[in-house]
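> One letter stands for each residue in the lines below.
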Amino acid sequence: MNSGTTAAKSERILASIRQIQRSKEVVDVEQELVKLVIFEINGALYALYGRNVREVLPRMDISWVPGLPDFLPGLINVRGDIESVIDLRQLLHYPHLELKDARILMVENEGFRSGVLIDDIRDVLDLPHNVIKPPLMTLNGVARELVAGEFELGGHLVSLLDTDKLAIRAQL
Amino acid sequence: MTACAEHDNWLRLLLFTVGGTLFGIDLEQVDAMIEFSEQEREEVHWFHELAGYGALDVTYLSPTVLVIKTGNGSRFPLVVDRLEDIREYQWRQIAPLPPLLEPYLAERGIWGVTPSRDKPVLLIDCAAYFDSHPDRHTHSMKE
Numbered sequence: 006m007n008s009g010t011t012a013a014k015s016e017r018i019l020a021s022i023r024q025i026q027r028s029k030e031v032v033d034v035e036q037e038l039v040k041l042v043i044f045e046i047n048g049a050l051y052a053l054y055g056r057n058v059r060e061v062l063p064r065m066d067i068s069w070v071p072g073l074p075d076f077l078p079g080l081i082n083v084r085g086d087i088e089s090v091i092d093l094r095q096l097l098h099y100p101h102l103e104l105k106d107a108r109i110l111m112v113e114n115e116g117f118r119s120g121v122l123i124d125d126i127r128d129v130l131d132l133p134h135n136v137i138k139p140p141l142m143t144l145n146g147v148a149r150e151l152v153a154g155e156f157e158l159g160g161h162l163v164s165l166l167d168t169d170k171l172a173i174r175a176q177l
Numbered sequence: 011m012t013a014c015a016e017h018d019n020w021l022r023l024l025l026f027t028v029g030g031t032l033f034g035i036d037l038e039q040v041d042a043m044i045e046f047s048e049q050e051r052e053e054v055h056w057f058h059e060l061a062g063y064g065a066l067d068v069t070y071l072s073p074t075v076l077v078i079k080t081g082n083g084s085r086f087p088l089v090v091d092r093l094e095d096i097r098e099y100q101w102r103q104i105a106p107l108p109p110l111l112e113p114y115l116a117e118r119g120i121w122g123v124t125p126s127r128d129k130p131v132l133l134i135d136c137a138a139y140f141d142s143h144p145d146r147h148t149h150s151m152k153e
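Sequences listed follow chains A and B, in order. First residue of the first sequence: 6, per our numbering; consecutive thereafter. First residue of the second sequence: 11, per our numbering; consecutive thereafter.
Hint data in this document are derived by calculation from the structure and do not stem from the laboratory. Fair warning: there could be bad hints in the mix.
[Stated by the list, open to error] Simulated pairs of lysine to aspartate or glutamate, EDC-like, Cα-Cα distance not exceeding 16 angstroms: (1) B/K129 / A/D86; (2) A/K105 / A/D66; (3) A/K170 / A/E115; (4) B/K79 / B/E38; (5) A/K40 / A/D131; (6) B/K79 / B/D128; (7) A/K105 / A/E88; (8) B/K129 / A/E115; (9) B/K129 / A/D131.
[Claimed, not checked] To list a few chain A residues with every Cβ distance to chain B over 10 angstroms, as calculated: (10) D86; (11) G116; (12) D128; (13) A175.
In this text, a Cβ means the ideal position worked out from N, Cα and C, and glycines have one as well.
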């Protein structure tokens with residue numbers, strides 16, 4: 006047995022293994038997953054990062070408060086904590102509807118916390134980060150202000166909302 | 011007084027509803043409660059106008075006039091709807107408004123909230139409101 010040849014072969018094998026590992030790491034980085042909460046408003050699909058959604062609440066009584074804009078319908082009592090609610094339908098200028106299946110997402114991000122009223126929840130998914138593309142320049146109005154990116158899901162376009170922008174828009 | 015001791019303090023609130031929303035006012039601000047008379051309609055302040063009900067049509071089923079005593083000694087007649095209760099709340103039971111709503115409500119004198127039964131009580135400082143909006147309120151009462 007030629008030890009020099011064996012060593013060279015083992016080196017080749019190791020080099021090959023290392024190459025595979027490196028390429029796997031690259032793939033792993035590319036496949037970094039993000040949790041997304043996907044929901045529906047007026048038939049359109051939207052999403053928020055799962056890390057910003059503390060919980061999903063059933064539709065509950067919202068106590069109306071005077072002096073607020075239409076997209077802030079009032080207050081909810083979440084186990085003794087009084088929280089505000091943003092009506093995304095109103096904020097995105099969709100027609101007002103009272104839906105019995107509506108849900109409230111409790112959204113939290115760096116000091117901002119509020120319930121967000123949606124029509125219905127569709128899914129909670131882990132998706133590769135790289136499926137999220139920059140938003141289309143054709144978006145108009147408030148949606149353009151709030152959307153951080155877009156992705157396709159089952160042939161449907163989903164608009165990913167930016168929680169920071171949502172907080173800023175709701176305080177204007 | 012320490013902050014801890016202050017939290018053990020109590021606030022006596024007069025609870026009333028207007029248009030189905032429950033409000034609480036510090037009883038120390040209420041100098042008198044008077045039955046509303048139609049002849050005084052033009053000489054009083056209406057709560058829904060003060061609190062910003064906007065275009066909402068508000069019906070007063072049991073109107074009562076609260077005489078609000080302000081910090082500078084003025085008195086203003088304010089019509090509210092049904093008087094619900096007088097209750098004491100510990101300071102610790104009162105929460106600030108959710109930050110998102112505060113900018114909209116602070117200028118109306120609404121400053122806090124506390125849970126009560128099945129709906130929250132909005133705490134309103136009518137005295138501070140009248141004191142800070144002297145231009146909007148001409149119906150003050152003589153001593």
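> Next pair to validate is B/K129 with A/D86; report whether the Cα-Cα distance is within 16 angstroms.
Holds, at about 12 angstroms.
> Would A/A175 pass as off the interface with chain B, using Cβ distances and a cut of 10 angstroms?
Violated, since 6 angstroms does not exceed 10 angstroms.
> Test the statement that A/D86 is away from the interface with chain B: the closest C-beta pair must be farther apart than 10 angstroms.
Nearest chain B Cβ is 8 angstroms from A/D86, so the label is violated.
> Under the criterion that the straight-line Cα-Cα distance not exceed 16 angstroms, is the pair A/K170, A/E115 satisfied?
holds (12 angstroms)
> Regarding the pair A/K105 and A/D66, is the alpha-carbon distance no greater than 16 angstroms?
Answer holds: A/K105 to A/D66 is near 11 angstroms, not above 16 angstroms.
> Quickly compare the C-alpha distance for B/K79 and B/D128 to 16 angstroms and report which way the hint goes.
Violated. B/K79 to B/D128 sits at ~30 angstroms, over the 16 angstroms cutoff.
> Is the Cα-Cα distance between B/K129 and A/E115 16 angstroms or less?
Violated: B/K129 and A/E115 sit about 28 angstroms apart, past 16 angstroms.
> Please verify whether A/K40 and A/D131 have alpha carbons no more than 16 angstroms apart.
Within the cut-off at roughly 4 angstroms; holds.
> For a C-alpha distance cap of 16 angstroms, please report whether A/K105 and A/E88 respect it.
violated (20 angstroms)
> Under the criterion that the straight-line Cα-Cα distance not exceed 16 angstroms, is the pair B/K129, A/D131 satisfied?
Since the Cα atoms of B/K129 and A/D131 sit roughly 37 angstroms apart, the hinted pair is violated (cutoff 16 angstroms).
> Hey, does A/G116 actually stay past 10 angstroms from chain B on C-beta?
Check fails; 8 angstroms does not lie beyond 10 angstroms.
> Does the structure keep B/K79 and B/E38 at a Cα separation of 16 angstroms or less?
Distance ~8 angstroms between B/K79 and B/E38 Cα, so the pair holds.
Of the hints listed earlier, those the structure fails to meet are numbers 6, 7, 8, 9, 10, 11, 13, in rising order.
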